[in-house]
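Student: Spelled out from the first residue to the last, the chains are:
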Amino acid sequence: MKIVIISLIGALASIMANKGIAVFNDGLRPIVPEHIEGRMSRKELAATSFAMSFGLVIGFGIPFSLTASILLIHSILLGTDIIGTFSPDGKKGLAISGIVGALYGAGILLGLESVVKAFEMLPVNFMGSLGEVGAPIVIAFAAFPALATGYQYGAKKGLINLGFSMLARQIAIVVSPLAIGAVSINVNPEGSALIVGMIILIIYAVREKSDEEAVDLVSVFSERVKRIKKNVPYLIVMGALVAAATSLNLMAGDPISLNLLSEGKNIDAGFAALARGIGFIPLIASTAIATGVYGPIGMTFVFVVGLFIANPFVSAILGGLVIGIEVLFLDKISKLLDKFPGVRKSGDNIRTAMSKLLEIALLVGGMNAANAIAPGIGFFVVIGLYILNEIAGKPVVKMAVGPISAILVGVLANILSIIGLFTPPA
Amino acid sequence: MVKFVVGGQVEKQNIADLIKEVGGEDVEVTVKSDLQAANDVKSGKADYYLGACHTGGGGALSMAIALLTRAKTATISMPGKPPKEENIINAVNEGKLAFGFTGDHYEKAVPIIVREILKK
Chain A
318 MKIVIISLIG ALASIMANKG IAVFNDGLRP IVPEHIEGRM SRKELAATSF
368 AMSFGLVIGF GIPFSLTASI LLIHSILLGT DIIGTFSPDG KKGLAISGIV
418 GALYGAGILL GLESVVKAFE MLPVNFMGSL GEVGAPIVIA FAAFPALATG
468 YQYGAKKGLI NLGFSMLARQ IAIVVSPLAI GAVSINVNPE GSALIVGMII
518 LIIYAVREKS DEEAVDLVSV FSERVKRIKK NVPYLIVMGA LVAAATSLNL
568 MAGDPISLNL LSEGKNIDAG FAALARGIGF IPLIASTAIA TGVYGPIGMT
618 FVFVVGLFIA NPFVSAILGG LVIGIEVLFL DKISKLLDKF PGVRKSGDNI
668 RTAMSKLLEI ALLVGGMNAA NAIAPGIGFF VVIGLYILNE IAGKPVVKMA
718 VGPISAILVG VLANILSIIG LFTPPA
Chain B
250 MVKFVVGGQV EKQNIADLIK EVGGEDVEVT VKSDLQAAND VKSGKADYYL
300 GACHTGGGGA LSMAIALLTR AKTATISMPG KPPKEENIIN AVNEGKLAFG
350 FTGDHYEKAV PIIVREILKK
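If you're matching them up, the sequences are chains A and B in order.
At position 184 of the first sequence the residue is numbered 501 (the working numbering), and the sequence of numbers has no breaks.
At position 98 of the second sequence the residue is numbered 347 (the working numbering), and the sequence of numbers has no breaks.
This is chain A alone, in the form it adopts within the complex (with noise of 0.2 Å):
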């Protein structure tokens, strides 16, 4: 079943890019157009995006996976794009696309399952260890709407609602679970502090107002919006294929919620897809409206689906449904979004908050996951390597440098224990 779904959303994703109905990276999505309208060779479309996705796969999305050992999703969709973008145009690459894509997906979800059971296997076993890499991510998360209005209205009402949501994961903390009458709910902590935040960031969102003239882009690229309800089907198949995989713990959609399912919180993942996906909103939308291709995962809502929804058919029915919605109401969210600047803006900041979050907080982990696996050596290792990546002009994700280090240390611990250099902790 598991390899079906996979398979599936890997031929589907691939046909999609083909075509050019929707593309997971942002960056290619301007430069498909620029095919389909005929200024761009399929040759150099292709080329463009290898060089866009290719270094996340290896750098962002393959490591995150390892370290939580479920597929982000970005491993399966970067390569998706490539493989659709290589693929000729016509029904042949149609047929192409559909069969290399379908591989692919099996060969990521194989291919991880046999890594994660070789590493298991090497005389110094450190998949352990390497579940520590998400462990600052599970707590720290939440904090994220807090930076996001810090980066927004300045670093005081940062503070104000930092406090506030530390209040609030402390007040749930101490009332959980919460009696009403015979039943018992268990107020989650984490998922209270994300929500009081976020709550005051859009009341600071709201209140900003326009000053300048707003452009009115669903007007200029009327024809590209009718582009993407028309290809409206396929996005629904997606949706429900990637929303049924996350229920049944198969994937995630980004970091934080991955790291947060891999602990069995799948509530918490929720609510932080939840909220990472409002943040995603008005990028997805303008940059949808204004190149006609869609993402073939939408806003990233069917994640929050899957997350919530343990059911995999009911997931896949609400899943098809929300990304469907999407796209019918595209027009009216981008109008929408026209009369609030404010939440505009906090789409970015959201975005902004969530990467420095994560860069902090996958370093730590890193180096606390390093130092697990071989003490000592860890935080000489990942230290070095993070500095060595600044000076040479960060040719890895900043964000990626603290899993793929401690993935390092592993296998250099294995390597130094094989000739004799190192003793594993007891």
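Think of the hints as simulated: they come from the structure by calculation, not from any bench.
Be aware that a few hints might be false.
[Stated by the list, open to error] Residues from chain A that face chain B, not an exhaustive set, calculated with beta carbons under 7 Å:
no., residue
1, Pro347
2, Glu351
3, Gly372
4, Leu373
5, Gly376
6, Asp665
7, Thr669
8, Lys711
9, Pro712
10, Val714
Computed from a prediction, not measured in an experiment: that's the story for all the values here.
C-beta: ideal position from N, C-alpha, C; glycine also.
Since the structure of chain A is already known, use the hints to place chain B on it.
Tutor: Showing chain B alone in chain A's frame:
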């Protein structure tokens, strides 16, 4: 006086501050939404657009590509591909008006772009 607008998605204020620091009296910088910023260049209210996002091309440049066409835009860094000085020099000399890079690389990209533009 060269007029810059900062669009894109991430590190906007830092990019604007850095443009001001490098360009000093010769530049004017405003931070806007990516859409407004691209529109300003299109309508001649601004001369150059700079923007960053996580991929160097998506949030950073999509509006600029849509409004100014891809021929006027250049992606000068991507994840895992730090900016190269000669590429930036070429892009500026080819008459590109909008530049996109990743948030990771803005500290390296912005000074070169601004310096080359001011040389013109």
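Student: Now tell me if each hint is right for this structure.
Tutor: We went through each hint and held it up to the structure:
This hint holds: Pro347(A) has a C-beta 4 Å from the nearest C-beta of chain B, less than the 7 Å allowed. A distance limit of 7 Å between C-beta atoms decides the matter here; for Glu351(A) the minimum to chain B is near 5 Å, and the interface restraint holds. With its C-beta approaching chain B no nearer than about 3 Å, Gly372(A) sits inside the 7 Å limit, and its interface hint holds. For Leu373(A), the interface hint holds, since its Cβ comes within 7 Å of a Cβ in chain B; the closest pair sits about 5 Å apart.
With its C-beta approaching chain B no nearer than about 6 Å, Gly376(A) sits inside the 7 Å limit, and its interface hint holds. The beta carbon of Asp665(A) comes within 5 Å of a beta carbon in chain B, closer than 7 Å, and the hint placing it at the interface holds. This hint holds: Thr669(A) has a C-beta 5 Å from the nearest C-beta of chain B, less than the 7 Å allowed. Interface hint status for Lys711(A): upheld, as the beta-carbon distance to the closest one in chain B is roughly 5 Å, under 7 Å.
With 7 Å as the threshold, the beta carbon of Pro712(A) comes within range of chain B, its nearest partner Cβ sitting at about 5 Å, so the hint holds. The beta carbon of Val714(A) comes within 5 Å of a beta carbon in chain B, closer than 7 Å, and the hint placing it at the interface holds.
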